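Knowing the structure of chain A, use the given hints to seat chains B, C and D on it.
4 protein chains.
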Amino acid sequence: MTGPDYGRAFGLWRAGTGQAWVDYTHHAFVEGLRDGSLPQQSYLHYLRQDYVFLIHFARAWALAAAKAETLDEMAAASATVHALVHVEMPLHVQTCSKHGIDRAALEATPEAPGNLAYTRYVLEAGYSGDFLDLLAALAPCVLGYGEIGRRLEGSTGPYADWCATYAGADYQALCHEVGTLIDGALLRRLGPGWMDLPRAETLQARFATATRLEIGFWDMASAPAPR
Amino acid sequence: MTGPDYGRAFGLWRAGTGQAWVDYTHHAFVEGLRDGSLPQQSYLHYLRQDYVFLIHFARAWALAAAKAETLDEMAAASATVHALVHVEMPLHVQTCSKHGIDRAALEATPEAPGNLAYTRYVLEAGYSGDFLDLLAALAPCVLGYGEIGRRLEGSTGPYADWCATYAGADYQALCHEVGTLIDGALLRRLGPGWMDLPRAETLQARFATATRLEIGFWDMASAPAPR
Amino acid sequence: MTGPDYGRAFGLWRAGTGQAWVDYTHHAFVEGLRDGSLPQQSYLHYLRQDYVFLIHFARAWALAAAKAETLDEMAAASATVHALVHVEMPLHVQTCSKHGIDRAALEATPEAPGNLAYTRYVLEAGYSGDFLDLLAALAPCVLGYGEIGRRLEGSTGPYADWCATYAGADYQALCHEVGTLIDGALLRRLGPGWMDLPRAETLQARFATATRLEIGFWDMASAPAPR
Amino acid sequence: MTGPDYGRAFGLWRAGTGQAWVDYTHHAFVEGLRDGSLPQQSYLHYLRQDYVFLIHFARAWALAAAKAETLDEMAAASATVHALVHVEMPLHVQTCSKHGIDRAALEATPEAPGNLAYTRYVLEAGYSGDFLDLLAALAPCVLGYGEIGRRLEGSTGPYADWCATYAGADYQALCHEVGTLIDGALLRRLGPGWMDLPRAETLQARFATATRLEIGFWDMASAPAPR
Numbered sequence: 004m005t006g007p008d009y010g011r012a013f014g015l016w017r018a019g020t021g022q023a024w025v026d027y028t029h030h031a032f033v034e035g036l037r038d039g040s041l042p043q044q045s046y047l048h049y050l051r052q053d054y055v056f057l058i059h060f061a062r063a064w065a066l067a068a069a070k071a072e073t074l075d076e077m078a079a080a081s082a083t084v085h086a087l088v089h090v091e092m093p094l095h096v097q098t099c100s101k102h103g104i105d106r107a108a109l110e111a112t113p114e115a116p117g118n119l120a121y122t123r124y125v126l127e128a129g130y131s132g133d134f135l136d137l138l139a140a141l142a143p144c145v146l147g148y149g150e151i152g153r154r155l156e157g158s159t160g161p162y163a164d165w166c167a168t169y170a171g172a173d174y175q176a177l178c179h180e181v182g183t184l185i186d187g188a189l190l191r192r193l194g195p196g197w198m199d200l201p202r203a204e205t206l207q208a209r210f211a212t213a214t215r216l217e218i219g220f221w222d223m224a225s226a227p228a229p230r
Numbered sequence: 004m005t006g007p008d009y010g011r012a013f014g015l016w017r018a019g020t021g022q023a024w025v026d027y028t029h030h031a032f033v034e035g036l037r038d039g040s041l042p043q044q045s046y047l048h049y050l051r052q053d054y055v056f057l058i059h060f061a062r063a064w065a066l067a068a069a070k071a072e073t074l075d076e077m078a079a080a081s082a083t084v085h086a087l088v089h090v091e092m093p094l095h096v097q098t099c100s101k102h103g104i105d106r107a108a109l110e111a112t113p114e115a116p117g118n119l120a121y122t123r124y125v126l127e128a129g130y131s132g133d134f135l136d137l138l139a140a141l142a143p144c145v146l147g148y149g150e151i152g153r154r155l156e157g158s159t160g161p162y163a164d165w166c167a168t169y170a171g172a173d174y175q176a177l178c179h180e181v182g183t184l185i186d187g188a189l190l191r192r193l194g195p196g197w198m199d200l201p202r203a204e205t206l207q208a209r210f211a212t213a214t215r216l217e218i219g220f221w222d223m224a225s226a227p228a229p230r
Numbered sequence: 004m005t006g007p008d009y010g011r012a013f014g015l016w017r018a019g020t021g022q023a024w025v026d027y028t029h030h031a032f033v034e035g036l037r038d039g040s041l042p043q044q045s046y047l048h049y050l051r052q053d054y055v056f057l058i059h060f061a062r063a064w065a066l067a068a069a070k071a072e073t074l075d076e077m078a079a080a081s082a083t084v085h086a087l088v089h090v091e092m093p094l095h096v097q098t099c100s101k102h103g104i105d106r107a108a109l110e111a112t113p114e115a116p117g118n119l120a121y122t123r124y125v126l127e128a129g130y131s132g133d134f135l136d137l138l139a140a141l142a143p144c145v146l147g148y149g150e151i152g153r154r155l156e157g158s159t160g161p162y163a164d165w166c167a168t169y170a171g172a173d174y175q176a177l178c179h180e181v182g183t184l185i186d187g188a189l190l191r192r193l194g195p196g197w198m199d200l201p202r203a204e205t206l207q208a209r210f211a212t213a214t215r216l217e218i219g220f221w222d223m224a225s226a227p228a229p230r
Numbered sequence: 004m005t006g007p008d009y010g011r012a013f014g015l016w017r018a019g020t021g022q023a024w025v026d027y028t029h030h031a032f033v034e035g036l037r038d039g040s041l042p043q044q045s046y047l048h049y050l051r052q053d054y055v056f057l058i059h060f061a062r063a064w065a066l067a068a069a070k071a072e073t074l075d076e077m078a079a080a081s082a083t084v085h086a087l088v089h090v091e092m093p094l095h096v097q098t099c100s101k102h103g104i105d106r107a108a109l110e111a112t113p114e115a116p117g118n119l120a121y122t123r124y125v126l127e128a129g130y131s132g133d134f135l136d137l138l139a140a141l142a143p144c145v146l147g148y149g150e151i152g153r154r155l156e157g158s159t160g161p162y163a164d165w166c167a168t169y170a171g172a173d174y175q176a177l178c179h180e181v182g183t184l185i186d187g188a189l190l191r192r193l194g195p196g197w198m199d200l201p202r203a204e205t206l207q208a209r210f211a212t213a214t215r216l217e218i219g220f221w222d223m224a225s226a227p228a229p230r
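Protein chains in written order, with our numbering: chain A, 4 to 230; chain B, 4 to 230; chain C, 4 to 230; chain D, 4 to 230.
Honestly, the hints are just simulated from the structure, not real lab data. Because the structure is a prediction, the values reported are computed rather than measured. Yeah, the Cβ is synthetic: ideal placement off N, Cα and C, and Gly gets one too. Be aware that one or more of the hints could be misleading.
Pair by pair, the computed Cβ-Cβ distance ranges are [to be verified]: (1) A:Lys101 x B:His89: 35 to 45 Å; (2) B:Ala111 x D:Leu15: 31 to 41 Å; (3) C:Val96 x D:Gly39: 47 to 57 Å; (4) D:Ala111 x B:Gln22: 39 to 49 Å; (5) D:Ala176 x A:Leu190: 38 to 48 Å; (6) B:Pro201 x D:Ala111: 45 to 55 Å; (7) A:Ala167 x C:Val96: 30 to 40 Å; (8) B:Ser100 x A:Gly187: 43 to 53 Å; (9) C:Lys101 x B:Asp199: 31 to 41 Å; (10) C:Lys101 x A:Pro161: 53 to 63 Å; (11) B:Ser100 x D:Ala172: 31 to 41 Å; (12) C:Gly187 x B:Gly39: 54 to 64 Å; (13) A:Ser40 x B:Ala111: 55 to 65 Å.
Stretch by stretch, here's where chain C covers chain B in the computed footprint (C-beta under 8 Å, at least three residues) [stated by the list, open to error]: (14) 127–135; (15) 199–210.
Same shape as in the complex, but just chain A (with noise of 0.2 Å):
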């Protein structure tokens, strides 16, 4: 099965994640969003956890703000923090309120383990390795929902905002800049025979546990009841 392009790396680490990467992208939550199934309960329950963990993943996307070796890597980084603190998490905001959940509440939101996992390990693959480490870690986080987005793209029912969201023009060429990002990154340190050096297997190691922790996300979110 083939995904989207967005890039060389994405390509082969997708590949390289086998059925987790399936698992993740095809995981029931997913599936309730394009179908409307989903109980608005999880949903909400989901959209908490996820303003959470997008404050941490900002901070991670900030990290690799800090670890750019070059001008346009830092630009490119810190686009995305840009975008994520001012444009992804007021949608949240703007949705939970529309559902009685002010944004109060929704910064008080108690971290779920799986939240808090997946975000201490993507930020803690950045702090101990260097940038690639870090962008191996972001990348089924970004483009993971790129692609589910154009997967759901079209979807009508309760959910259709989200879908769009990730389906749409802007977040898909959110993704092909990561996916540039990431090729331009390891090209300019590695060159191009980079997948052949022992290095590839530790970042193919970044995606996979990030894929993974994808899957918990979308568990603990699915749980009926918060911890």
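Frame of chain A, contents of chains B, C and D only:
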């Protein structure tokens, strides 16, 4: 219920963690170690995961040495790394070896999600925060094992060695040293009234989160089949 | 001598830095910018080094975003990264371009030792310490340029544009925002009496060291031939 | 001119650094240690600054332990921390004590700018980059002192002890271990052809910059009056 005297901060953080501290130190897994009812399979599963845990835990103590402000702090933190790498981990290797798990198998242990969540939380607390954040996140493991060891002292049965190790004079001395390190680091940075500063809440939260992750670790270790 | 009102911490840190603060803000290089006596060659040398400086300085602000504890802190830090990358650095490119130094030449500038010393000190303060250590090390540059700008306001001559930029409403507003960020971050973590804690001495030392590194930067920029 | 055989990477990086490597290892300060013409005042100034240097250098090796990918890498890095804190630094304390500088005075040494620049560069390279960046920045000090020690072996006069320490079997063994650590870390991550990857240029630049900072350290140590 009063705990061991590992210093002022430990007493406060332990009390502030409430029921979660009891759930951690009196976990069914711990009771199984005490009365010998823990299945050997679970024990070996635990030892293997704990080996992976200790690698990252030693890395976190090394990070503490890097973030120390004084030579004494650095010496204390690096002595702990040394003890972990040259004493505690070889013990695991030896015990596992007796049960037919060789070093290669031990090192190839796939990291369970609850294991990963804990160690990355601790490391990230240290990288994003300062020396105090790191110590508060490290404390529940080091000092909780000391408290458990004291309670399980004199246990006979299949896990007598485990109990004797953490009840033993060497490990208890380490707990007192770590408690002293923490109290000294707090005093040096925040003064004698540190517990009344807003900073104290963050540190309490670090300790409490790490305690909950300890519970998750016992839960994971108790599960029949490792993921 | 009283300085601009960029907040409480700035006032205290500035006073606590004593003569070094005066040496920085009244450096011969600054006087040369004011009265136009600075040789153009020195100015261009400075601009090139400052461009390299700003890359690392933006990385340090990105690190601040990664280390922030609240969304507001993160938004403030990332807005500064954005301003540096998308406003201040393009201005340098434009000014240098007018004087025959193209972007490629600008980016190929070899980093002078006094430049490297300063930026690595700031970044390392942030990595090894916490958000407060980083802000204390970042403050002398941001706020010192604000103070210098105010003093040089209305200067005519060849460096009128430089003076107008830092005296201007936009830059002065940034200084007030950064001052507010610092005061809020201190209050949030250490409470209203933070200046009486031992921690205050470390932060004062961070500010004073960064101030001395600013003097070293002007010294380096004043030297006739770049190393 | 051929250097000591501390491994493949050292040979390449040393050659790639060219004249700067000669300027470092044959600095006037080194010649003064060799023939005894170095004023005692300069030597004591150097020892005091080197003590401050070693604190941060030990922190950098601790960071290397935190960033290690294998237990063997971690053990090697933490053994170096241990040697620095428990062997090399006590030697400085002892030598200074003979000359009337007690430990309190030693620890109160104000850090010279050239000292600060060097250690912060190394630490920041490690934090922003990965294990390899850190090792490349650490190598010139460890291995350069080994090369200098070999060249100064057998020197008599007032600095015979200094020469004997770095020429000695213990220190030379450490150099071989560090060289092996570096070669192994490169091979493990980048494969046998690492020197042909773009990554090699970054690492070469790290080594060369640290070498230039060593020259700056000797210059600082040679200056008649410490700042």
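**Q.** CB-CB spacing for Leu190 of chain A and Ala176 of chain D relative to the 38 to 48 Å hint
**A.** The hint (38 to 48 Å, Cβ to Cβ) holds, given that Ala176 of chain D and Leu190 of chain A are roughly 40 Å apart.
Verdict on chain C covering the segment 199–210 of chain B, where coverage means 3 or more residues with a C-beta closer than 8 Å: As far as the segment 199–210 of chain B goes, the hint holds, because 5 residues have Cβ atoms under 8 Å from chain C.
Open item on the list: Does the beta carbon distance between Ser100 of chain B and Gly187 of chain A stay inside 43 to 53 Å, or does it fall outside?
Closed with: At 47 Å between Cβs, range holds.
**Study point:** Outcome of range test on Cβ distance (Ala167 of chain A, Val96 of chain C; 30 to 40 Å)
**Key:** For Ala167 of chain A and Val96 of chain C the Cβ distance comes to about 38 Å; the hint holds.
| request: Could you see if the CB distance from Ser40 of chain A to Ala111 of chain B stays within 55 to 65 Å? | output: violated, 41 Å
**Prompt:** Do the beta carbons of Gly187 of chain C and Gly39 of chain B sit within 54 to 64 Å of each other?
**Reply:** holds, 55 Å
key: Status of the given 39 to 49 Å range, CB of Gln22 of chain B versus CB of Ala111 of chain D   = holds, 48 Å
Review point. Regarding Lys101 of chain C and Pro161 of chain A, is the given constraint of 53 to 63 Å on their beta-carbon distance met?
Key: Once the Cβ atoms are compared, 57 Å apart, the range 53 to 63 Å for Pro161 of chain A and Lys101 of chain C holds.
Taking the beta carbons of Ser100 of chain B and Ala172 of chain D, is their distance inside 31 to 41 Å? Since the Cβ atoms of Ser100 of chain B and Ala172 of chain D sit about 34 Å apart, the hinted range of 31 to 41 Å holds.
**OP:** Using the Cβ atoms, figure out if Lys101 of chain C sits within 31 to 41 Å of Asp199 of chain B.
**Re:** About 57 Å separates the Cβ atoms of Lys101 of chain C and Asp199 of chain B, which means 31 to 41 Å is violated.
### Pairwise beta carbon distance, Ala111 of chain B to Leu15 of chain D, judged against the given window 31 to 41 Å
For Ala111 of chain B and Leu15 of chain D the Cβ distance comes to about 33 Å; the hint holds.
Exercise. Taking the CB of Lys101 of chain A and the CB of His89 of chain B, does the distance hold inside 35 to 45 Å?
Worked result: violated, 58 Å
When held up to the earlier numbered hints, the structure conflicts with 1, 6, 9 and 13 and fits the remainder.
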